[in-house]
Amino acid sequence: MAEITLVEAVRQAMDEEMARDERVFVVGEDVGIRGGVFRATVGLYDKYGPSRVIDSPLAELSIVGVGIGAALYGMRPICEIQFSDFIYPAYNQIVSEAAKMCYRSNGEWTVPMVIRAPYGGGIGGGLYHSQSPEAMFAQVPGLKVVIPSNPHDAKGLLKAAVRDPNPVIFFEPKKGYRLIKGEVPDDDYITPIGPARISRPGSDVSVFAYGMMHHYALQAAEKVAAEGIDAEVVDLRTLYPVDRQTILESVQRTGKALIVHEANLTGGYGAEIAATIVEGAFADLDAPVRRLTGPDVPGVPFSHPLQEWFMPNVEKIAEAIRQLSKW
Amino acid sequence: MSTQVIMPQLGESVVEGTVTKWLKKEGETIQEFESLLEVNTDKVDSEIPSPAAGTLLKILVPEGTTVRAGTVIAWIGQPGEVLPDSPAPVDLHAAPAGRPAAVAQPHPAGMATGRDRDLGFISPVVARLAREHQVDLYQVKGTGEGGRITKKDVLAHLSAGETAPHSTPEPAAWETPGEGDLFRPTELQFAGGHPDTAPAHPAPAAVPPATPPVAQSDPRAAARSASPAPVPLAGGRLVPLSTMRKAIAEHMVMSKHTSPHVSTIMEADLSRVVAHRQANKAEFERSGSNLTFTAYFVAAAAAALRAFPLVNSSWTDQGVWIHGPINIGMATALGDEGLIVPVIKQADNLSLLGLARSINDLAARARAHRLQPDEVRDGTFTITNHGIGGSLFAMPVINQPQCAILGVGTIKKRPVVVEGDAIAVRPMVYLSLTFDHRILDGSSGDGFLAKIVEVLEQWT
Numbered sequence: 001m002a003e004i005t006l007v008e009a010v011r012q013a014m015d016e017e018m019a020r021d022e023r024v025f026v027v028g029e030d031v032g033i034r035g036g037v038f039r040a041t042v043g044l045y046d047k048y049g050p051s052r053v054i055d056s057p058l059a060e061l062s063i064v065g066v067g068i069g070a071a072l073y074g075m076r077p078i079c080e081i082q083f084s085d086f087i088y089p090a091y092n093q094i095v096s097e098a099a100k101m102c103y104r105s106n107g108e109w110t111v112p113m114v115i116r117a118p119y120g121g122g123i124g125g126g127l128y129h130s131q132s133p134e135a136m137f138a139q140v141p142g143l144k145v146v147i148p149s150n151p152h153d154a155k156g157l158l159k160a161a162v163r164d165p166n167p168v169i170f171f172e173p174k175k176g177y178r179l180i181k182g183e184v185p186d187d188d189y190i191t192p193i194g195p196a197r198i199s200r201p202g203s204d205v206s207v208f209a210y211g212m213m214h215h216y217a218l219q220a221a222e223k224v225a226a227e228g229i230d231a232e233v234v235d236l237r238t239l240y241p242v243d244r245q246t247i248l249e250s251v252q253r254t255g256k257a258l259i260v261h262e263a264n265l266t267g268g269y270g271a272e273i274a275a276t277i278v279e280g281a282f283a284d285l286d287a288p289v290r291r292l293t294g295p296d297v298p299g300v301p302f303s304h305p306l307q308e309w310f311m312p313n314v315e316k317i318a319e320a321i322r323q324l325s326k327w
Numbered sequence: 001m002s003t004q005v006i007m008p009q010l011g012e013s014v015v016e017g018t019v020t021k022w023l024k025k026e027g028e029t030i031q032e033f034e035s036l037l038e039v040n041t042d043k044v045d046s047e048i049p050s051p052a053a054g055t056l057l058k059i060l061v062p063e064g065t066t067v068r069a070g071t072v073i074a075w076i077g078q079p080g081e082v083l084p085d086s087p088a089p090v091d092l093h094a095a096p097a098g099r100p101a102a103v104a105q106p107h108p109a110g111m112a113t114g115r116d117r118d119l120g121f122i123s124p125v126v127a128r129l130a131r132e133h134q135v136d137l138y139q140v141k142g143t144g145e146g147g148r149i150t151k152k153d154v155l156a157h158l159s160a161g162e163t164a165p166h167s168t169p170e171p172a173a174w175e176t177p178g179e180g181d182l183f184r185p186t187e188l189q190f191a192g193g194h195p196d197t198a199p200a201h202p203a204p205a206a207v208p209p210a211t212p213p214v215a216q217s218d219p220r221a222a223a224r225s226a227s228p229a230p231v232p233l234a235g236g237r238l239v240p241l242s243t244m245r246k247a248i249a250e251h252m253v254m255s256k257h258t259s260p261h262v263s264t265i266m267e268a269d270l271s272r273v274v275a276h277r278q279a280n281k282a283e284f285e286r287s288g289s290n291l292t293f294t295a296y297f298v299a300a301a302a303a304a305l306r307a308f309p310l311v312n313s314s315w316t317d318q319g320v321w322i323h324g325p326i327n328i329g330m331a332t333a334l335g336d337e338g339l340i341v342p343v344i345k346q347a348d349n350l351s352l353l354g355l356a357r358s359i360n361d362l363a364a365r366a367r368a369h370r371l372q373p374d375e376v377r378d379g380t381f382t383i384t385n386h387g388i389g390g391s392l393f394a395m396p397v398i399n400q401p402q403c404a405i406l407g408v409g410t411i412k413k414r415p416v417v418v419e420g421d422a423i424a425v426r427p428m429v430y431l432s433l434t435f436d437h438r439i440l441d442g443s444s445g446d447g448f449l450a451k452i453v454e455v456l457e458q459w460t
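Top line first, the protein sequences correspond to chains B and X. Taking the working numbering, the leading residue of the first sequence gets 1, the next gets one more, and so forth. Taking the working numbering, the leading residue of the second sequence gets 1, the next gets one more, and so forth.
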């Protein structure tokens, strides 16, 4: 087992899937000769050539549209949206075409496509390079929405996404691309889409998170452990379909739930988890379900102090755990 | 638009309430249904939820003040709002506009969830654990925010209970009402507060300590109280008065000032009652009822009250008011907290089984602080069962505005002379009747008590 970065895990997954299945190809802005702005496709152009690693125009609608068409003709496209902030021009293609194709053709046509999109703030990217739009996709049946939090899952889930017959939106925590390192098996493996993972068992408070916030939640849990608070951390990994059973079982043990995401509060994905908990584990609750999220402002500010104000971080999560623990 | 907070009517016959505590200060914000204040009616406390979200703009009724139900007691709205000068009284029976209806609702009885004055917020899981494991939450120490009882507190309480099983004091041989603590001697109930037993003169003066310990209460506070102030001696401490303690004290003094108390004592041979109880106890248990001796005394009193309606009465300046229904209160001890008298309404309409059920239920809920305000009102006669503590007989204080109170002593086997001048061993009890001499004379009081004795001795 080798320790690699999260972005390297993404690169390896694509490399291995392209080697395994010649129907797999990559399309996106600067993914070819440049190797991607985050270097996620570095080396693939040299290895697989311009017909399988396609530099697209700056037009997300066409990247996804090409992907849908190719998928319908039996290919296995991996579309890269350079920043998830740029995904909105493609939203119509994703929601109206990709998500509905299988349903409206009564299962005759499927769109086995992956859309990779780096998401999240805290990297000084300002309003247009920091967004977390996962909630807009996690409420669209017909899509699968996956967000890995570590190299092992990034590689395993991306390989599973490539092999999945449905369109999968694969959000990657870009702040963690090089920050988050971990061991990854040398042999071929997949991490199934669907199940959440209890990454740190605990008894006092359940913390639900994904992506970068899961990374911080683990650190926050260690921090409060030194103060005698035993927090359980659950990595949701797949937002749609969500693993309700693991969520409810965790709350049944701890009686308290904290949900963390950096996307804004109102209508955010945390609301879905909170409702799931209240509906399915009401009699097990010992405190109100709490959400720690980005504030309801239009974007992550560019100014560094304001970005700090916006982003949940280890200390904010630790404080939320403390408050909930003593409630 | 500001919202009125009105004194709710916490029961059909409850016409007024006392504001015991405001849980919010003027200017503080409050959520709809968040607890706003505590209201006391008789000895029952209720927490009143806010009818609206906003800011508590104005408190109109200060703590400790009693007002009629329907009185506007506060305003909730947005800061800076202009309030009406003289709020119109609210007719509780008219269809209330907007939210106040929610305020007028008394807390549902026996609900394990929700808010309660003493327990604080009960979370769903705490409610469930308490229900599943029959935990009396009043016995659980809360360590959460503001003393809230957390899930962990209940689990800790449960695991502590496994190692140290709850020890119930051995009930007297003759009485097992509920968990055996239904009644206690009046001496204990009124210890220190009983006007008759209070020392006529304060304790001999001693030199107060020059520098009282920090923890000691301010002696000036004691000096401000209305009663003759005891001189604070070194090493003593002041126990603050609970609402219940104050209510008991005021009622006892008022009662002794109101009625000329006369007591009469008789004894009853309970052979037939004991035999009847022995024969029927198991059957009652099968129907879920604990057949206590209390049920027999209530039944006998109800029969005697029917035969002597004059005892089921109240003195008024216009005349003696004979009550229609026979509602018998039973003094229920709550340990050091005090005592409360839940009332068995229309006791003469209940069978022995009905009485046993009613007694079990009222006693259990009295101890759990879950009585409804209505359930401690409208008594027309009271029984105090001081025999549980071993007391032979006592002179109870009349529960105003009733005419009389029956004291039941301990049931003891005694040698008695029976027919044919033989000596036999019989379960005997002393019954004392304290009555209002304005209404009854000795002979009528004795006639009533003799009727109770007759019912008990002739029990079939």
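One should not assume that every hint holds.
[Unchecked claim] So the derived list for chain X, only partly shown, Cβ under 10 Å to chain B, looks like this: (1) R128; (2) K141; (3) T264.
[Said to hold, decoys possible] Here are the computed lysine-lysine pairs in the DSS-like style, where the Cα-Cα straight-line distance is at most 30 Å: (4) K223/B x K47/B; (5) K326/B x K316/B; (6) K141/X x K21/X; (7) K24/X x K256/X; (8) K141/X x K24/X; (9) K246/X x K345/X; (10) K326/B x K345/X; (11) K281/X x K21/X; (12) K141/X x K326/B; (13) K316/B x K58/X; (14) K451/X x K326/B; (15) K281/X x K246/X; (16) K58/X x K141/X; (17) K451/X x K345/X; (18) K246/X x K24/X; (19) K152/X x K223/B; (20) K24/X x K223/B; (21) K25/X x K326/B; (22) K58/X x K345/X; (23) K141/X x K152/X; (24) K152/X x K58/X; (25) K21/X x K326/B; (26) K345/X x K25/X; (27) K181/B x K316/B.
Hints in this document: simulated from the structure, not taken from any laboratory. Here the structure is a predicted model, which is why all the values come from computation and not from measurement. Just so it is clear, CB atoms sit at the ideal spot from N, CA and C, and this is done for glycine as well.
Hint by hint, here is what the structure shows:
Nearest Cβ of chain B to the Cβ of R128/X: about 5 Å, under the 10 Å cut. The hint holds. Interface hint status for K141/X: violated, as the beta-carbon distance to the closest one in chain B is roughly 15 Å, over 10 Å. A least Cβ separation of about 56 Å between T264/X and chain B goes past the 10 Å threshold, and the interface hint is therefore violated. Proximity of K223/B to K47/B is assessed by CA-CA distance (about 44 Å); at most 30 Å being required, the pair is judged violated.
A distance of roughly 16 Å separates the Cα atoms of K326/B and K316/B; the hinted pair therefore holds under the 30 Å criterion. Proximity of K141/X to K21/X is assessed by CA-CA distance (about 22 Å); at most 30 Å being required, the pair is judged to hold. Distance hint between K24/X and K256/X is unfulfilled; the C-alpha atoms sit about 38 Å from each other, more than 30 Å. Restraint check for K141/X and K24/X: the C-alpha separation of about 24 Å stays at or below 30 Å, so the hint holds.
Only pairs whose Cα atoms come within 30 Å are accepted, and K246/X paired with K345/X is accepted, the gap being roughly 26 Å. Restraint check for K326/B and K345/X: not satisfied, since their Cα atoms lie roughly 45 Å apart, outside the 30 Å limit. Pair hint K281/X plus K21/X does not hold up; C-alpha atoms about 45 Å apart against a cutoff of 30 Å. Distance hint between K141/X and K326/B is fulfilled; the C-alpha atoms sit about 14 Å from each other, no more than 30 Å.
Proximity of K316/B to K58/X is assessed by CA-CA distance (about 37 Å); at most 30 Å being required, the pair is judged violated. For the hint pairing K451/X with K326/B, the CA-to-CA distance comes to about 61 Å; that exceeds 30 Å, so the pair is violated. As the CA atoms of K281/X and K246/X are separated by approximately 39 Å, the hinted pair breaks the 30 Å bound. For the given pair, K58/X sits about 35 Å from K141/X by alpha-carbon distance, which is inconsistent with the 30 Å threshold.
A distance of roughly 21 Å separates the Cα atoms of K451/X and K345/X; the hinted pair therefore holds under the 30 Å criterion. Proximity of K246/X to K24/X is assessed by CA-CA distance (about 24 Å); at most 30 Å being required, the pair is judged to hold. At roughly 21 Å between alpha-carbon atoms, K152/X and K223/B fall within 30 Å of each other, so this suggested pair holds. Restraint check for K24/X and K223/B: not satisfied, since their Cα atoms lie roughly 36 Å apart, outside the 30 Å limit.
About 25 Å separates the Cα atoms of K25/X and K326/B, which keeps this hinted pair within 30 Å; it holds. About 40 Å separates the Cα atoms of K58/X and K345/X, which puts this hinted pair outside 30 Å; it is violated. Pair hint K141/X plus K152/X holds up; C-alpha atoms about 10 Å apart against a cutoff of 30 Å. Between the alpha carbons of K152/X and K58/X the distance comes to roughly 39 Å, so the proposed pair goes past 30 Å and is violated.
The suggested pairing of K21/X with K326/B holds, with an alpha-carbon distance near 26 Å, which does not exceed 30 Å. The straight-line distance between the Cα atoms of K345/X and K25/X is roughly 40 Å, outside the 30 Å bound, and the hint therefore fails. Proximity of K181/B to K316/B is assessed by CA-CA distance (about 23 Å); at most 30 Å being required, the pair is judged to hold.
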